[in-house]
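Asker: For reference, the chains in residue letters:
There are 2 protein chains.
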Amino acid sequence: MTPLPRLLGVDLPIIQAPMAGVQVSALAVAVSNAGGLGSLPCAMLTADAMRSELTAIRAQTDKPFNVNFFCHVPPTPSAEREARWRDALAPYFAEFGIDPATIGSGPGRSPFTAAVAEALAEFKPPIVSFHFGLPSPELMARVRSWGAKILASATTVDEARWLAEHGVDAVIAQGNEAGGHRGIFLSSDITTQIGTFALLPQIVRAVSVPVIAAGGIADSKGVQAALSLGAVAAQIGTSFLLCPEASTSALHRAALKSEAAHHTALTNLFTGRPARGIVNRIMRELGSISAAAPEFPLATAAIAPLRAAAEKLGSGDFSPLWSGQNASGCKEISAAELTRELAGLA
Amino acid sequence: MTPLPRLLGVDLPIIQAPMAGVQVSALAVAVSNAGGLGSLPCAMLTADAMRSELTAIRAQTDKPFNVNFFCHVPPTPSAEREARWRDALAPYFAEFGIDPATIGSGPGRSPFTAAVAEALAEFKPPIVSFHFGLPSPELMARVRSWGAKILASATTVDEARWLAEHGVDAVIAQGNEAGGHRGIFLSSDITTQIGTFALLPQIVRAVSVPVIAAGGIADSKGVQAALSLGAVAAQIGTSFLLCPEASTSALHRAALKSEAAHHTALTNLFTGRPARGIVNRIMRELGSISAAAPEFPLATAAIAPLRAAAEKLGSGDFSPLWSGQNASGCKEISAAELTRELAGLA
Chain A
47 MTPLPRLLGV
57 DLPIIQAPMA
67 GVQVSALAVA
77 VSNAGGLGSL
87 PCAMLTADAM
97 RSELTAIRAQ
107 TDKPFNVNFF
117 CHVPPTPSAE
127 REARWRDALA
137 PYFAEFGIDP
147 ATIGSGPGRS
157 PFTAAVAEAL
167 AEFKPPIVSF
177 HFGLPSPELM
187 ARVRSWGAKI
197 LASATTVDEA
207 RWLAEHGVDA
217 VIAQGNEAGG
227 HRGIFLSSDI
237 TTQIGTFALL
247 PQIVRAVSVP
257 VIAAGGIADS
267 KGVQAALSLG
277 AVAAQIGTSF
287 LLCPEASTSA
297 LHRAALKSEA
307 AHHTALTNLF
317 TGRPARGIVN
327 RIMRELGSIS
337 AAAPEFPLAT
347 AAIAPLRAAA
357 EKLGSGDFSP
367 LWSGQNASGC
377 KEISAAELTR
387 ELAGLA
Chain B
47 MTPLPRLLGV
57 DLPIIQAPMA
67 GVQVSALAVA
77 VSNAGGLGSL
87 PCAMLTADAM
97 RSELTAIRAQ
107 TDKPFNVNFF
117 CHVPPTPSAE
127 REARWRDALA
137 PYFAEFGIDP
147 ATIGSGPGRS
157 PFTAAVAEAL
167 AEFKPPIVSF
177 HFGLPSPELM
187 ARVRSWGAKI
197 LASATTVDEA
207 RWLAEHGVDA
217 VIAQGNEAGG
227 HRGIFLSSDI
237 TTQIGTFALL
247 PQIVRAVSVP
257 VIAAGGIADS
267 KGVQAALSLG
277 AVAAQIGTSF
287 LLCPEASTSA
297 LHRAALKSEA
307 AHHTALTNLF
317 TGRPARGIVN
327 RIMRELGSIS
337 AAAPEFPLAT
347 AAIAPLRAAA
357 EKLGSGDFSP
367 LWSGQNASGC
377 KEISAAELTR
387 ELAGLA
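Taken in order, these protein sequences are the chains called A and B. Numbering follows this note's numbering, with no gaps: position 154 of the first sequence is 200. Numbering follows this note's numbering, with no gaps: position 181 of the second sequence is 227.
Just so you know, the hints here were simulated from the structure itself, not pulled from any lab data. Mixed in with the good hints, there may be bad ones.
As the list claims (entries may be wrong) - For the chain B half of the interface with chain A, some residues (derived, Cβ under 8 Å), not all of them:
1. Val-203
2. Glu-223
3. Thr-238
4. Gly-241
5. Arg-251
6. Gln-270
7. Ala-311
Even glycine gets a Cβ: it sits at the ideal position worked out from N, Cα and C.
Based on the sequences and whatever the hints tell you, model everything.
Answerer: Spelled out as structure tokens, the structure:
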């Protein structure tokens with residue numbers, strides 16, 4: 047038995063990674079009820095939507111669950127950078143007959159604020175996790191006020207030490223294999239991002255809080271390997287993407303099941319921050335990292351109409367097809383069954 | 047007990063990674079005599095030097111050992127690319143008072159040829175490993191003629207399948223964490239390179255030959271984790287670099303023991319092919335991957351005098367400080383002791 051049950055009150059050392067845009071409460075409820083730790087990603091939810099998802103979770107489980115937030119500093123929009131970005135996308139706007147003048151503000155990603163903390167306090171979620179660093183000490187104290195445990199992602203040994211010094215209850219060691227957004231926050235240099243095999247034991251050695259492994263873990267053997275490297279639990283995202291409880295699109299599901307899933311890359315094209323997804327046309331043609339992409343989350347606005355137009359034609363050429371480097375554990379089974387399989391119980 | 051003893055005749059599931067430039071026979075002998083598989087890197091050895099090292103190995107051990115070769119196609123030098131490269135390095139030539147007209151041909155890296163195979167046949171090494179693909183079927187047959195087992199590195203699932211189809215006895219799954227040259231050979235796109243946690247189980251599933259794990263493995267827990275992911279053995283390089291039997295330079299040893307070792311990157315600046323080393327001045331200033339660097343191994347020539355001049359001043363600013371992403375297992379103990387520790391025996 048690992049220290050995780052004591053820390054988080056769950057039976058199994060399995061955390062379902064919060065995945066904004068491809069899941070809401072249904073997946074979290076299923077995983078928590080199966081004995082793992084389900085997670086609700088809140089970065090793309092309005093306050094009302096968050097309340098509604100939290101109400102759904104509270105109605106369907108009395109097990110511990112996790113809510114996840116981003117901690118970025120909202121950027122000041124730069125007209126020059128936005129213009130450069132639209133220039134880079136201009137050939138595609140022409141191809142799809144999109145008038146750039148009609149581009150809206152796009153789906154945003156909001157950081158954790160005092161208003162969010164107040165809304166959250168009504169629900170007293172037992173575990174709160176953060177990505178891109180931590181909120182202010184005042185907001186951390188507010189979260190602790192209802193007894194919540196705080197987790198946060200580290201992508202380097204330095205980030206792990208920083209998080210431990212700032213009072214997290216456990217560090218999530220996010221190896222470079224992980225899908226979706228890198229939690230990187232002390233640097234913007236993606237060459238600092240290292241693989242789980244190297245990152246996990248070095249973080250375990252560097253901090254005294256428990257460490258959760260993330261990145262490239264796809265099945266029970268992977269979970270066992272992570273535990274033998276010193277993790278108290280494994281956080282797993284990609285493997286859950288084909289579960290019926292996830293809201294993964296049909297296009298995204300098809301990509302995960304195809305040979306294309308063997309080639310992912312870190313890309314900033316979809317949001318402005320590096321995130322790992324399956325390589326598609328826009329990533330191949332613009333390069334997966336572009337200096338033209340506006341700061342997170344502003345890059346999303348101009349690419350959103352291209353995504354919508356292409357998806358209408360059945361194409362994922364402009365969609366963020368988030369995936370880690372190991373999609374081999376994706377299964378079209380219930381999240382409860384998958385949770386138990388990951389824990390070696392099925 | 048893993049299948050490795052049956053395959054390679056060794057007692058312990060530990061392969062010392064061949065590391066051209068930082069070790070010759072002494073390290074290989076020590077590891078083989080301790081029950082692991084020692085390796086002699088031959089890519090930078092002349093035929094005479096190779097004979098002399100093989101003679102030394104045969105004199106000092108009757109245990110199995112491995113000899114390693116590169117399988118690149120020697121490039122046609124491009125005057126234009128060489129000129130671009132020297133332009134990129136010009137400020138440094140000026141700084142060190144180096145006249146570019148005096149630049150020699152630099153230390154080369156030779157691929158495996160019929161002549162090398164003949165020289166090798168005199169010694170009948172029981173195991174031969176290849177990097178950057180495989181030699182021709184004729185040369186493969188020649189190596190097999192004395193009963194040698196053949197290993198080769200795969201950095202993607204596709205490469206593993208290709209190697210298995212071309213008759214290797216085992217595949218080395220080289221995760222992106224690994225130090226030194228990437229074995230990549232079916233692509234030149236480094237975004238295809240994935241971490242050990244993701245690569246290893248996918249290769250284990252894709253091929254029917256045994257799989258050896260490499261990349262990010264630094265201690266016995268790492269070896270255990272690799273075995274639980276389906277590997278028959280772990281190939282470990284970086285951890286051996288501080289052993290007295292390695293010829294690692296004092297500068298390189300100091301870098302491995304410093305905080306600098308937390309930040310490595312893939313770089314083509316030193317040879318023309320991507321290889322992982324500790325980030326130093328030239329990598330920071332030119333970017334770790336440069337389009338100006340001539341094809342492997344031609345990039346070495348022009349950077350060699352800078353390396354020599356800087357090293358004379360005690361600086362590793364222009365040296366390839368090869369290291370994987372996990373230098374935490376480096377220990378100043380004998381290679382025999384380290385081999386036993388890695389296998390969990392000490």
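Asker: Against chain A, with CB atoms and a cut of 8 Å, does the hint on Arg-251 of chain B hold up?
Answerer: holds, 6 Å
Asker: Given Thr-238 of chain B was flagged as interface, is its beta-carbon under 8 Å from a beta-carbon of chain A?
Answerer: The hint holds - Thr-238 of chain B has a Cβ within 8 Å of chain A, the shortest such distance being about 6 Å.
Asker: Should the hint that Gln-270 of chain B touches chain A count as held when the rule is a Cβ pair under 8 Å?
Answerer: holds, 5 Å
Asker: Answer holds if the nearest beta-carbon of chain A is closer than 8 Å to that of Val-203 of chain B; otherwise answer violated.
Answerer: OK, holds: Val-203 of chain B within 8 Å of chain A, min 6 Å.
Asker: Tell me if Gly-241 of chain B is really an interface residue toward chain A, meaning its C-beta lies closer than 8 Å to one of theirs.
Answerer: holds, 3 Å
Asker: Hey, does the Glu-223 of chain B contact hint survive, CB to chain A under 8 Å?
Answerer: With Cβ-Cβ at 4 Å, under 8 Å, it holds.
Asker: Let me know if the C-beta of Ala-311 of chain B comes in closer than 8 Å to any C-beta of chain A, holds or violated.
Answerer: Constraint on Ala-311 of chain B satisfied, holds at 4 Å.
Violated hints for the displayed structure: none, as all numbered hints are satisfied.
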